[in-house]
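So the sequence lines, in the order shown, correspond to chains V, P and X.
Every letter in the first sequence is one number past the one before it in numbering that gives the first Met the number 0, and letter 271, counting from 1, is 270.
Every letter in the second sequence is one number past the one before it in numbering that gives the first Met the number 0, and letter 32, counting from 1, is 31.
Every letter in the third sequence is one number past the one before it in numbering that gives the first Met the number 0, and letter 102, counting from 1, is 101.
No lab work stands behind these hints: they were computed from the structure.
Keep in mind that the hints are not guaranteed to be accurate.
[Claimed, not checked] Restricting the straight-line Cα-Cα distance to at most 30 angstroms, the calculated cross-link-like pairs of lysine-lysine (DSS-like) are: (1) V:627 <-> V:638; (2) P:85 <-> X:95; (3) X:95 <-> X:165; (4) P:85 <-> X:165; (5) X:27 <-> P:85.
[What the hints assert, rightly or not] Sample of chain V residues lacking proximity to chain P, with all beta carbon distances greater than 12 angstroms (derived): (6) 244; (7) 434; (8) 555; (9) 668; (10) 701; (11) 702; (12) 706; (13) 710.
Treat the numbers as computed from the prediction; the structure is a model and nothing was measured.
For every residue, glycine included, the Cβ atom is placed at its ideal position computed from N, Cα and C.
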Amino acid sequence: MLQELAAVDTHPLAETAARFVGLLPLLPLAGFLVNGALSLASSYKRGPADPSAAGAHDGTAAEQVAAHGSDHDAVARHPYAAITSVVGTLMPALSFALAIAIFLAMVSAGDFSTPYVRSYFDWMVTGDLQIRWAFQLDQLSMVMVLVITGVGTLIHIFSIGYMRDDPGYPRFFAYLNLFVAFMLVLVLGASYPVMFVGWEGVGLCSYLLIGYWYNVKSNADAGLKAFIVNRIGDVGFLMAMFMIFANLHTLDITAVNAAAPSLGFNSALVTTICLFLFMGCVGKSAQLPLYVWLPDAMAGPTPVSALIHAATMVTAGVYLIARSSALFVMSPAACITVAVVGTLTALFAATIGLKQWDIKKVLAYSTISQLGYMFMGVGVGAYAAGMFHLITHAFFKALLFLGSGSVIFAMHRAYHHTGNHDDAQDMRNMGGLRKYMPWTFALMWIATLAIAGVPPFSGFFSKDGILGAVFERAQHGTLAEATWLGMPGSAVLYALYGLGLLTALLTAIYMTRLMLYTFHGPNRTGEAERAQLREAPWSMTGPLVVLGVLSAVGGWLDLPATLPLGPVGLLDKWLEPVVGAATATAAGVVGEGVTSTEYVLIAVAVAIAVLGIVIALVRLRPAALLPKRDALPEHGIEKLLENKYYIDELYDDAIVTPLVSGSRNILWKGIDRGIIDSFFVNGSAALSRGVGWVGSQFQSGETGAYAWAIAIGALAVLGAFTFR
Amino acid sequence: MIAEALFFSAVLFIIGVVGVLIRRNAIIIFMCVELMLTAVNLSFIALARLHGSATGQVFVLFVMTVAAAEAAVGLAIVISIFRHHKSVDLRNINLLKG
Amino acid sequence: MNTLVYTFHFYLFGLIAIASALAFVTRKSAVAAALWLVNTMFCLSALFVMLDAQFVAAVQVLVYAGAIMVVFLFVVMLLNLGEASEVTDIRSLGGKLTAGFVGLLMLAELFSLSRLKFPRLMGAMTDHANVVNPVSAPLFHEFLLPFEVTSVVLLVAVIGAVVLAKRGPKAQ
């Protein structure tokens, strides 16, 4: 430990801004405290009016009914709105500024291979278990910190406009600040338990924000669903931690990564640990089969969907795998599992996205799908590619969500003015919005092209990086040589590549569909509402523009060697000290420069993306679309897709209903009432009564009996002394 | 003689105990208690003798005083109970029963 | 004093005391029992004298045998309990045997507890001329406060006895 401390002092970052790393989460935490106090103070002053849906700007139809019904007049802004806006956005902004300063210090410090660990206090110290509350700065966590604080700040600014008239304004910002703080703890944690604190903390904030308008039951239920489904995954994370500690006697990430090879290559142990870790990721990052909470999570306000359920929290699983790369490369089987699950999720979610009508639901399934891509990347050991897609996805998906928020905001305002109770999130009610919202229209097209993978937008580079990596790993490396469920790894990876391409095609189709139905074709809102449609204020469009720029040029962060349009592989080189060794292990033989195959792959990818867009443009007829209330029921496969393969119903029938009825009939009626109540509860009562009865027989009031009792007691006491 | 004195003391005390256990006449039980107290007094005297100190004898005086007070109060209680029940048989007296 | 004579008398009075006590607990008549108890008290006071506690022995005769036992007898007479047949006093044979067993067991335990080696006989304690001083000195110096408290206890007992024994207004 002394050596470590010395190492910290002599670390190249020791005297730079990095020593303030502890402030990164503390600043948003301070924002949380201030805003939370304001929220409490205002609810104390005005009574518990806060959770009312009055003035809420999106959500379900029922919620809007409540909104229109209860409060049709102009809503007064929250009394503390001004101070909340300043504190709530300033704190993440300051955190972002500090992150930039630390980033610049890291750049100027040049190459350093050991992470900068700053320990604050002993947290859990018992026997072997020595956990300090420590933050770890290295290239990987730096990337995440920049994404979280940067995108987070933009979304905070957007929220000022979006949540403008919400009665719970300070509460919203308090939760959002708290989320940023926990997310930073997650990515900065130097040991798995510290990470886990952040992991659970963001889960909590996610729950709080999904159920933000908790007076509508479906919102509160969605929050609960997210929370419970996430707990299933967290069991895996905990199991992984227990197993790591039992075998390596440490939970510090650096130490675990250093000791990982001692677990044995491809041993059952390391595979089990990795699969348990991945179980945590599956829950948090909404992969098959635990993805079901994410679409429901769209019940929360749209900035929440953008920040938590697209850009940051759901990518924590990807980060966790990149963090534990040294463990994962030890187990090709686990790696291929990660990649297979990721790919299947990507394809599965993309097909559902094809037939969703709720604009946010489309984006939710799109997020699940893109997360699947990221897992495909980190699964095959292309950690830099996975992280690259994480970053670009944070840009364009945040943009898409905020853009959809902007659309919903406009739609809702229009409905609000005319007293219309239609669904402001259903694309069938939109159409032709490009005339009214040109900025949002243009920016969302950028994001759409990016996610579809059209060059030169960012998504093209990151997605191509992942697909290229999958193709390359299929040719050589530890994964190609491994077998997975009896199948050669190479064949599995080729199949994954094919499915990845198919997903890319579907992505392009459903995103173009979203754009067509929302912005093109005739307007379906209605005459009165049409007059009220207009662009959102600049506090909302501004962040969109910034994200639009980032989505467009984000690809330059990590240009492939095949397309030297600038400095090649910046992110690759940046992450080299953290994941380079693991990537090299997974890759095996290093390919010899640029080959013609790679150009073919790129051409195929571009062709697929363009083909998808063209198919959508040719096949879809926005002009023929009917508003939601007039829509005809779907049939066949379309109905299957619109109902999301009935997975929720399947889970209900297969898991929830048996669980509930089992709980009711066996646990409640059988065990609780039958055994615990009648035997333990009533039994203990009967036992007490019996003992009391026996005791009361001694209280006869007859002094003779008392004398006997005293005599026998004296006998016993003397006996105790005698036979001591 | 100390050992013998303690032996007598113990035997007398136990006779007092047995008396309390087997008799039902309240007055006789009182007398048994007096016997027990006196038996203890014998122990005090013997041990005072053993240690060559008069403190034990002082305690005997205290015990006697308390015994006298107890007899006075106890007999007064017996009298008032007898007035009520026309009996001093303990089987008839269960006033302690709550 | 001759040691043999001393020992003889010690055992004599001790055994008489025990025999009297046995007679005391087994008499059905309360008057007879009280008289046997008086006899025990006399024997004990003789033992006290032999243990160099002459003053306490005198008080024993005066207070116990004299005052307390007379009060007992007085109450027995007052309540007219002298008739042995009036109360079916002694319990059943089983109860007696059990009580005797408990008593013997307790005695055995006491003996096994007091397996200390006491000196068989000790030298003279003090000069036999001055018997009150060794008791009165600690009583009025070291134990002055308890002594005074005892007087209060006695006072309270007297008042309590008067209150209890007085006929209540209902009884009249």
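Exercise. Which numbered hints turn out to be false for this structure?
Worked result: 3, 10, 11, 12, 13
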